[in-house]
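Model the full structure from these sequences, guided by the hints.
Residue numbers (the numbering used here), protein chains in the order written: chain A, 1 to 480; chain B, 1 to 480; chain C, 1 to 480; chain D, 1 to 480.
It is worth saying that the hints were derived from the structure and are not from the lab.
Please read these numbers as outputs of a predicted model, since none were measured by experiment.
Worth double-checking, as some hints may not be accurate.
Intra- or inter-copy, both count: the list cannot distinguish identical chains.
In silico DSS-like cross-links for lysine-lysine, where the CA-CA straight-line distance does not exceed 25 Å [unchecked claim]:
| hint | residue 1 | residue 2 |
| --- | --- | --- |
| 1 | K397 | K17 |
| 2 | K307 | K165 |
| 3 | K360 | K397 |
| 4 | K461 | K45 |
4 protein chains.
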Amino acid sequence: MELQELLLSAMNDSVSKTYLQQGSQSKISRNKLVSILLKEKKWPKEGWDDLTIEMLLNELALMDSNNFPSRCGVGEREGRIYSSMVSRRHFRLSHGVGRSGDLGEVQPKAAGSSILSVLTNSLLLDLCRTHVSRSVSDVFLCPTATGLSISLVLLTLAKEKPGAKYVIWPRIDQKSCFKCILTAGLQPLIIEPKLIGEELQTNTDEIERIIADYGTDKILCILATTSCFAPRACDTLEVIGRLCKSHNLFHVVNNAYGLQSGKCAYSISQAAHHGRVDIFVQSTDKNLMVPVGGAIIAGFNKTLVQKIRQNYPGRASSSQFLDVFITLLSMGSNEYTRLLKKRSENYKYLKNRFGALAEKFSEHIIQTPNNQISIGMTLSNIGSNLPESERPAVISKLGSMLFLRSVCGARVVPCDQTVKSIDGYDFQGWGSHCKEYPYPYITAAASIGMETKDVDLFVEKLEECLKKLSKQTEEPENPS
Amino acid sequence: MELQELLLSAMNDSVSKTYLQQGSQSKISRNKLVSILLKEKKWPKEGWDDLTIEMLLNELALMDSNNFPSRCGVGEREGRIYSSMVSRRHFRLSHGVGRSGDLGEVQPKAAGSSILSVLTNSLLLDLCRTHVSRSVSDVFLCPTATGLSISLVLLTLAKEKPGAKYVIWPRIDQKSCFKCILTAGLQPLIIEPKLIGEELQTNTDEIERIIADYGTDKILCILATTSCFAPRACDTLEVIGRLCKSHNLFHVVNNAYGLQSGKCAYSISQAAHHGRVDIFVQSTDKNLMVPVGGAIIAGFNKTLVQKIRQNYPGRASSSQFLDVFITLLSMGSNEYTRLLKKRSENYKYLKNRFGALAEKFSEHIIQTPNNQISIGMTLSNIGSNLPESERPAVISKLGSMLFLRSVCGARVVPCDQTVKSIDGYDFQGWGSHCKEYPYPYITAAASIGMETKDVDLFVEKLEECLKKLSKQTEEPENPS
Amino acid sequence: MELQELLLSAMNDSVSKTYLQQGSQSKISRNKLVSILLKEKKWPKEGWDDLTIEMLLNELALMDSNNFPSRCGVGEREGRIYSSMVSRRHFRLSHGVGRSGDLGEVQPKAAGSSILSVLTNSLLLDLCRTHVSRSVSDVFLCPTATGLSISLVLLTLAKEKPGAKYVIWPRIDQKSCFKCILTAGLQPLIIEPKLIGEELQTNTDEIERIIADYGTDKILCILATTSCFAPRACDTLEVIGRLCKSHNLFHVVNNAYGLQSGKCAYSISQAAHHGRVDIFVQSTDKNLMVPVGGAIIAGFNKTLVQKIRQNYPGRASSSQFLDVFITLLSMGSNEYTRLLKKRSENYKYLKNRFGALAEKFSEHIIQTPNNQISIGMTLSNIGSNLPESERPAVISKLGSMLFLRSVCGARVVPCDQTVKSIDGYDFQGWGSHCKEYPYPYITAAASIGMETKDVDLFVEKLEECLKKLSKQTEEPENPS
Amino acid sequence: MELQELLLSAMNDSVSKTYLQQGSQSKISRNKLVSILLKEKKWPKEGWDDLTIEMLLNELALMDSNNFPSRCGVGEREGRIYSSMVSRRHFRLSHGVGRSGDLGEVQPKAAGSSILSVLTNSLLLDLCRTHVSRSVSDVFLCPTATGLSISLVLLTLAKEKPGAKYVIWPRIDQKSCFKCILTAGLQPLIIEPKLIGEELQTNTDEIERIIADYGTDKILCILATTSCFAPRACDTLEVIGRLCKSHNLFHVVNNAYGLQSGKCAYSISQAAHHGRVDIFVQSTDKNLMVPVGGAIIAGFNKTLVQKIRQNYPGRASSSQFLDVFITLLSMGSNEYTRLLKKRSENYKYLKNRFGALAEKFSEHIIQTPNNQISIGMTLSNIGSNLPESERPAVISKLGSMLFLRSVCGARVVPCDQTVKSIDGYDFQGWGSHCKEYPYPYITAAASIGMETKDVDLFVEKLEECLKKLSKQTEEPENPS
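Following this line, the structure appears as structure tokens:
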């Protein structure tokens, strides 16, 4: 007999039937939520309460062998956990997910953890199909952050196309976007952007030229990027996708925090439809508000996605699965849609308030129609009375002044054309995505979970700093 | 004024000084534990209580920007956590560890998480120096399980020695030990073992031959293994280490669950002393009783360890750091020593009881003096009256019978010489580490955290199954 | 050196000063919240986040002797906790609050628990002064629910006025309101209400008559009630207060869930100002949304409040203090004000929607201008075609039909004048606060924490039931 | 379909039947534990793991109306909880236990909480029957500490025997033991003890004299005490029980921490068998290692126990039920027996080591054969060279010196015959249970949960203090 029935029958003589029916009803309606989830494998529209989520997680834990009441363990890995604090934070799941053969494979000793992994991937597939494209064919949560996840993708592609060691990479100045190519033992072919108006766009002519130069046999893929800091634009994926299709190159998209942006999602969808997108990768923390540590690897080619999953050697932590699973269930898809809408509104609000501030200081918002997340404002007048060599230091200072005022995430780019070297590759003007951007600037982004008061506070603090800084070309701030 | 002082002074008029001094003393003595930890960066001898550990973790959380009370976030990654259940399980740390440049690098936005990472690595260094070798020069926690961690090591080595694509690999039949080579895009050179008595030992002559054949320029490294299932022995690391030294090859040791075994540790230490060991990798879950998901990458060459850390592209989850940090502090090094001693005793106890059982069924314990963790017992008599073709199925059944009786981790190997193919490589006799082992057998291991009653229960259940099985060659068990 | 400083200095060489200043700032600003709380002992306007609350509770736990790291216990009560699950839910506080001499007294062995108790009472004093009357002189949390708390009040009063054993009690049909008199070994003098319009009001003439009859020496106090189910009104406290003052009787007010109602609070305040109120008692769960188990005992006479506290024999659980403390800090006083406003709006909304529904079924809302929490609707037409003897059963059925539809808290009163006996006292018409109320009715209340959708759902379900019921006078519902 | 079945069937195609059977088995075996508990209502011999306990508590929470998924609340008490931290610590149970009619009554709105209460009381009944007497007829957990619980008992008895206002009370110098009589509005008749050898024993002759003096009609009960600090002995319950029987007086036993002592339990059992015991009351924290706040009210007269339960006015906190329920299940009765045995051994060990220390300082252990918990050692030589008037201060100092060294629970009694007044009653020699005990002394107790190292540490610290103190009659210690 089941637990709920046991309890009900135990109370039969002391509580009236009506009341017990209700208690039972409560359990039934929760079981029903689980039942629908298991059957449809879709992201529930309405979020679940924590009690229901914990009930399910406890049930899963019971199915893992480390929680069998009378088990005896004589293996080398028995899921023993020393600290009860650690055990508790993992809801007593300890076997991780996957097997040596495949990250998606079921572990016999850990049926509960396996269900957790299968369901999480199903929810993510539903999410990607709804918010990116109906044609997405497979998805899985890779329990490593975006950088290493892209390396894993590239390593798998490399096995598919032996001899091809080049990766065409439209420059984006975030170090791990670049490093993930090197980690995989491949060689980047860096494509500098074109300046169109004030926006930095993909130089597709240059890409075509490079393909011709190196030959399609030697080129593994194009690794394009959607989400990025202004004034860089989302890469022109559709054109790139067509190139990849016609030249038979893999097309990998670094969609780091683009899942939250309709613009980025639409680009991917169109590129896949009219050309080719093999894999697109996005961060779980930046798009789903969980702690750092996971990426969603998705694709339009089921076999390829599966090969990546199989290329993952050995088991992996189930911690990221827990975070994503709990969050998706707790949130519900309706709330996610609401959060995306709110983000989009915040973007507009930020643009307006930022713009008004810019005007006050005789600066302006950089026009970047193809970047719907990050916004840049010129910093042409800071230290404009100083010798050119002293300006970058003054401009850079704005960043730490803001941080000291609890403003996080604003990026100040002095655009001083100094050269940064990464693993032997030199980048002039590092930080600005190009060798020589015409003005120094500051960026701010509207990302998921942001609140309107973040914008208000930012604009207020920035104004305070800009005022202070315009005085300080005379006298320096005293570090308190 | 500090919190504790505030509280004390608030009570000054109502509680006598003596009592408050004690309350204050309690805080001071806890702070002192932290102070010593920060200063000495050594694993404390005595374990801490949970209250002290949580106190420290809360303090760390306060230093991460996502917990600043009045912060405003305008970046693309602000450490926002949607679900309070998720936030709580990470002690409100959300920024992960590392930066794009280096897994060990400090994150300005997350000073608390950074301290967590630095301290965890320090404790692990102390552990490795105490339990493996004083000469270990650097160590870090890699937040991926052993398989992917070894891939990352190999990828880094490959960048150090371009053109070398071969990995010499004394065969060990655990899939992810093999796959990690392929994932890294390298090619294995498989060394079959020699049968010495009943033990499978490293065929070092064959290794020498292969080195001569392929040439040292083409060979990246030897990837040896310590901990393994009987009847395979721990590789003869000292000889391999000498070969690596003389031929200038990298020597990587897969020490998966060998940290808990004095024998494995000693082998590494000797090989490093008399020859060369560059890197040895071990699982956190198997050696430290935390959930699956991390590996300890350690080495005798500080620069190389650092290069691996720097080769990790991007940030990583801090979840594994939390698990290891909490566990090490909670356990204390004295308790770890006690656990290792207990494991060693259990190994002997298991061997005795297992041996006595073997005798009853006219089997014997396989002599494997160079494997101090796993023990094998022959299964020569199961189904010995059946046609040869039917025996493997009967023998294999023993495994599921045991699992059905809650025995986990026992491995039944029918030794039927069938061939398994992994990514194009064929392995005859897969599961037994060699092409043709003379008898079928079952293995059991004494690993850390095992209790004496696990052994008792195992022997009892095994006896039950063996009896049932000897009858069943007549009539089959009814699956209930 | 303090923990925070230790951590900061440990990182000094690896993180820039700016960043660490921020981490430190975060701790300082949290400490400041605590500092202000300790100094002003006022309810903070803005709620605290959980991290800050837990930080404070951990700090308090450290001051209790059961958490001293090297303590040795040789007493009969050492605060040992067997289960870590239990320890954790009490934030490791185990010594309870109070001492044998006084519930408010400080425990030397438990300075942390003592601070918890002192602060909680301070916050409650601030709350009562703000929301009831500036003249409230003392308040404490009694860790027993309202019933037993009132008994404790009466027992203390009885010691102050030996020989006086009668308690004048304007009838209110909630059993524990009556039982608390009997538990204290006192004798109730029951005052039946007057029907004014449709409202049941205090019969103050009768009270005066009773006082004259029994004599003030024999009468201990008047125990009046504010919050109650319609159609009973809040007692006319001002008149009662004047009577108590002129006859020198104690005036105790059962303000069970009246703290949330401006009307009830104002009555108490006016009665204290123009006449006399000694003590008023209210539930923590009903007013502050914590689990059942505590009451706030407040008074306008500091000495008397103190005597009650001293009359509490022995120690008490700190669990209720934890609940109230956490809740008040988490909520902040601004949020409480907002919740009260919302409650008041819900009351109006409920009245409107309830009224519209009444009209549909040819019923009406009972006019009770002196009850601003509970609303009654007549049920004159249910079963009106049935014989009088069968009607009560049909009407009562409405209650269980609603519960079956997850409607909680609606009370259906058939008003059938049957007699209920409690400990030898007979109450005709029990449930309706009077012997013979003219119609059967149903009540619903707008209490704190209610949401608008509760009202909507209630009205919808009630309509559904009423429809079903009006049919059922023909054919009965099938209990599923 | 049930949750577990749903999960199993969802995995049917991906995991082999054998493995799933095990997962299911794990759930079944846990359900079986619950099933046996519900059926037998006995304390399980083996403790449960936390996962099983939480599983059951979650299931109970689901049955309480505040957790119904689609409920709408229109009452005055809806179990709403504001803070998720508070909700979580109560496992989402918020309705408390009991109803206005009876603390043991079932709440329709809270079937889960009701089951919690019923089961907890069943386990306690089993415990009392096993460890006190088979004849115990009823037991309940009273969610107030011992003092108020005894008051509640006395108040109920007083209603049973109107006119009887005296309570015969063999003196015990713990304030709340005395206050609980006054709180109930009753009058104590204090019986000073007899000094037999060095032990303070019940003066039963004096009791007989008092009964004769006051008359049995005026006397409500004898309130005797078992567990107490040496040199007082456990009251001679058997004689008192016979007196109560022959004079028809209620016999109430304050068994505060006596449940853990075979001696106390046996006394109660014999008194009930040969004479009369109506009710015996014991603390939950002191006997079961939970936080302060509850008492176990047990009796040999089912009707009387029930009347006490019914006399409790209103609802009560379920927090104490949670603590006791979790602890009993987590512990298991075998472990309790082991803890009692350990306590008894510690008593002997403490006596030996304490005795050896006494000899060193020319003191001796006070002979108290009828106290098997607390042990006294004379302090005849401290300050013996000082004037009599200065000695008490020096002796008292020993207490704070010990506390300063983290020794809790040792009581130092200077025996200076000063008078303490409690509510108008004067006690000469307060602290020593009698007017004039021949020597000053210090006591220590062996209570449940104590560890051998507590004894060692105590003796060591006491020696240190005694040495210091013997010097200090010359020069005073410097308070650091």
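Hints and how they fare:
Proximity of K397 and K17 under a CA criterion of 25 Å is satisfied inter-copy only: 13 Å between copies versus 71 Å inside one chain copy. In the homo-oligomer, the alpha carbons of K307 and K165 lie at most 25 Å apart both inside one protomer (19 Å) and across protomers (22 Å), since each shortest distance falls under that limit. When the C-alpha separation of K360 and K397 is checked against a cutoff of 25 Å, the pair qualifies only within one copy, where the shortest distance is 20 Å, while the shortest distance between copies is 70 Å. With identical chains, the CA atoms of K461 and K45 are at most 25 Å apart between copies only, with a shortest distance of 24 Å across copies and 38 Å within one.
When the structure is compared with the earlier hints, no violation turns up for any of them.
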